[in-house]
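J.: Following the hints, position chain B against chain A.
If you want the building blocks of each chain, they are given just below.
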Amino acid sequence: MHWESAAVSWREALTAYQAIDDWEGQGRARLGLADVLARLGRKTEAENNLFYMTGQGAFSRLLRARAHYQLALLAAEKDREQAGRWLAEARQLCAPDCAHVSSFDNLEARLSAARADWGMVERLTTGVLARHEVVAAERSHALRLLAETQFERGELVTARASIIQALTLDRELAEPEWLLEDYTLLGRIAAAIGDGVEQKDAAARIASLCRGAKLAGCGR
Amino acid sequence: MALKLLKETDPRFQWLGWRVVVFGVTILLTLSGLAAVIAFKQGLFVSKTRLHFLADHGAGLLPGMQVRFSGFRIGVVDKVELTEQAKVQVDLLVESRYMKWIKADSTAQLLQEGLMGDYYIEMMGGSPAQQPLKAGGKVNFAPAHSLADVAYDLRSRALPILDSFQITMDYINDPKGDVRQSVANVKQLTAELQQTRARMDALLVRLDSTAGTVNARLPRILDRTASSLASVESAVRDASAVASMVRGAVEESVPRLPSIVRNSDDLVRDSRDTLQGVRRSWPLNTMLTPQSLEPPLPESRR
Numbered sequence: 001m002h003w004e005s006a007a008v009s010w011r012e013a014l015t016a017y018q019a020i021d022d023w024e025g026q027g028r029a030r031l032g033l034a035d036v037l038a039r040l041g042r043k044t045e046a047e048n049n050l051f052y053m054t055g056q057g058a059f060s061r062l063l064r065a066r067a068h069y070q071l072a073l074l075a076a077e078k079d080r081e082q083a084g085r086w087l088a089e090a091r092q093l094c095a096p097d098c099a100h101v102s103s104f105d106n107l108e109a110r111l112s113a114a115r116a117d118w119g120m121v122e123r124l125t126t127g128v129l130a131r132h133e134v135v136a137a138e139r140s141h142a143l144r145l146l147a148e149t150q151f152e153r154g155e156l157v158t159a160r161a162s163i164i165q166a167l168t169l170d171r172e173l174a175e176p177e178w179l180l181e182d183y184t185l186l187g188r189i190a191a192a193i194g195d196g197v198e199q200k201d202a203a204a205r206i207a208s209l210c211r212g213a214k215l216a217g218c219g220r
Numbered sequence: 001m002a003l004k005l006l007k008e009t010d011p012r013f014q015w016l017g018w019r020v021v022v023f024g025v026t027i028l029l030t031l032s033g034l035a036a037v038i039a040f041k042q043g044l045f046v047s048k049t050r051l052h053f054l055a056d057h058g059a060g061l062l063p064g065m066q067v068r069f070s071g072f073r074i075g076v077v078d079k080v081e082l083t084e085q086a087k088v089q090v091d092l093l094v095e096s097r098y099m100k101w102i103k104a105d106s107t108a109q110l111l112q113e114g115l116m117g118d119y120y121i122e123m124m125g126g127s128p129a130q131q132p133l134k135a136g137g138k139v140n141f142a143p144a145h146s147l148a149d150v151a152y153d154l155r156s157r158a159l160p161i162l163d164s165f166q167i168t169m170d171y172i173n174d175p176k177g178d179v180r181q182s183v184a185n186v187k188q189l190t191a192e193l194q195q196t197r198a199r200m201d202a203l204l205v206r207l208d209s210t211a212g213t214v215n216a217r218l219p220r221i222l223d224r225t226a227s228s229l230a231s232v233e234s235a236v237r238d239a240s241a242v243a244s245m246v247r248g249a250v251e252e253s254v255p256r257l258p259s260i261v262r263n264s265d266d267l268v269r270d271s272r273d274t275l276q277g278v279r280r281s282w283p284l285n286t287m288l289t290p291q292s293l294e295p296p297l298p299e300s301r302r
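Here the protein sequences come in this chain order: A and B. Per the UniProt record's numbering, the first sequence runs over residues 1 to 220. Per the UniProt record's numbering, the second sequence runs over residues 1 to 302.
Excised from the complex, chain A in its bound form:
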């Protein structure tokens, strides 16, 4: 319900900015609206708002870069190649002093992980983790991707350490879906190590999370 209210507010802002011919404001309002629509599951509407921005030169390069990035996020699940193209355009528009490079790197690492290109994932995530100004959400995402890479390579001890670090951050961020992903990976690592207690603990936590929040990953 809160997201519906937020969508209404962003739409009002968009209308107000259109009325005063403020394109920067319109761009920001469209980005915010697209984000909220994506959270509500109305991805087509979100994409339409973002598509409009990609073809409109009145928006600044930075706003268009963000539009491309959000399009890449929307396409990440269903069309990874298209997502990669959107992301490449976002990087080009955001260069040279891009403040969102960590988010871009993590998204590229996520796409690379889907292709099982673990070398690329490791290079990108270690780059993100080496930066000091990275926000907690991106740091935890990089740690989770790195843990997955290490797990796939059989580096179970380091993978466990990485996912524990990611879990520490995600508990602070309190995002149920991210906690579910973390505990799922921790359970797999614990199973590979042969730590039945930790595996059982992770399963219990996943069950608890699924009872507390309606998550798409709970049915898997």
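Check the hints yourself; a few may be wrong.
Stated by the list, open to error - Calculated from the model, a selection of chain B residues having no Cβ within reach of chain A, i.e. all distances over 10 Å: (1) Val88; (2) Arg97; (3) Val179; (4) Glu299.
What the hints assert, rightly or not - Covered stretches of chain A (in silico footprint by chain B; criterion: 3 or more residues with CB under 8 Å from a CB of chain B, positions within the stretch not fixed): (5) 40-47; (6) 61-74; (7) 106-120.
Said to hold, decoys possible - So the derived label-pair ranges between C-beta atoms look like this: (8) Glu294(B) - His132(A): 54 to 62 Å; (9) Ile161(B) - Glu45(A): 53 to 61 Å; (10) His132(A) - Gln188(B): 56 to 64 Å; (11) Arg157(B) - Ala58(A): 24 to 32 Å; (12) Leu193(B) - Cys218(A): 39 to 47 Å; (13) Glu45(A) - Leu193(B): 25 to 33 Å; (14) Lys187(B) - Gln92(A): 44 to 52 Å; (15) Glu81(A) - Glu294(B): 24 to 32 Å; (16) Asp201(B) - Ala88(A): 19 to 27 Å; (17) Gln82(A) - Pro296(B): 21 to 29 Å.
Calculated from the structure, these hints are not laboratory results. Virtual Cβ for every residue (Gly too), placed ideally from N, Cα, C.
T.: Leaving out everything else, chain B in the frame of chain A:
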């Protein structure tokens, strides 16, 4: 016959002619001595050097005026005359013993003692490195500012300020003006902030009750997980995560958009006037920083 009788008989009139002559000479000598003393005091017997300067106007410049240096009398104005170029040439006689202070870049300024006192020439400046001015030399001249000049200058400076102040006051007091409208907008903003505060308080009360529920459930969680210290720690962390999640929901429920943007109808109607008014209105233009409507960057994990 009668005078002859007196002259011959009254002893007071004996030698009367001589007595008159002696008295007259004595008076004459006394007056001459007095004149000499005055002349000496006035510097008539002191060696003097002639200097001159040119002025545009002769007002206040008179022969006999004092020439001063650092407030001490060092000479007099000897002659004031109009030149062929319609300038006023003023000749000064400066005592030679003071000429060491008068340099080529010295300036003569016409000053007045007090508001109603006599005018005099004040010699000023003079770089120590410069040579003393020679006889017949020319010094620079700076005319005095009369009371009328000062008043005129003051008037010419003050009038624009007063006019500007009047315009500003009219602008501020205009009920339909930008400032009044800006203040009204700020009042409206404040009222809305109070409403938001009230909503926040209500939501925080709900948060407290939620936290109370969490606290009530925590002992049961602890009972179930009392077997290991690590589990207890995890349970506490989970409770913290729940509280954080509830807090996040509360924060999200508060409209993030500035109220001025949410009230789009009013904004559209008055947007240009209001924005321009606030931009121009001091001190509002320094107090009201523009509110940024920056959408959050979605995390790469969404």
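J.: Which hints from the list above does the structure break, by number from lowest to highest?
T.: 4, 5, 8, 10, 11 and 16
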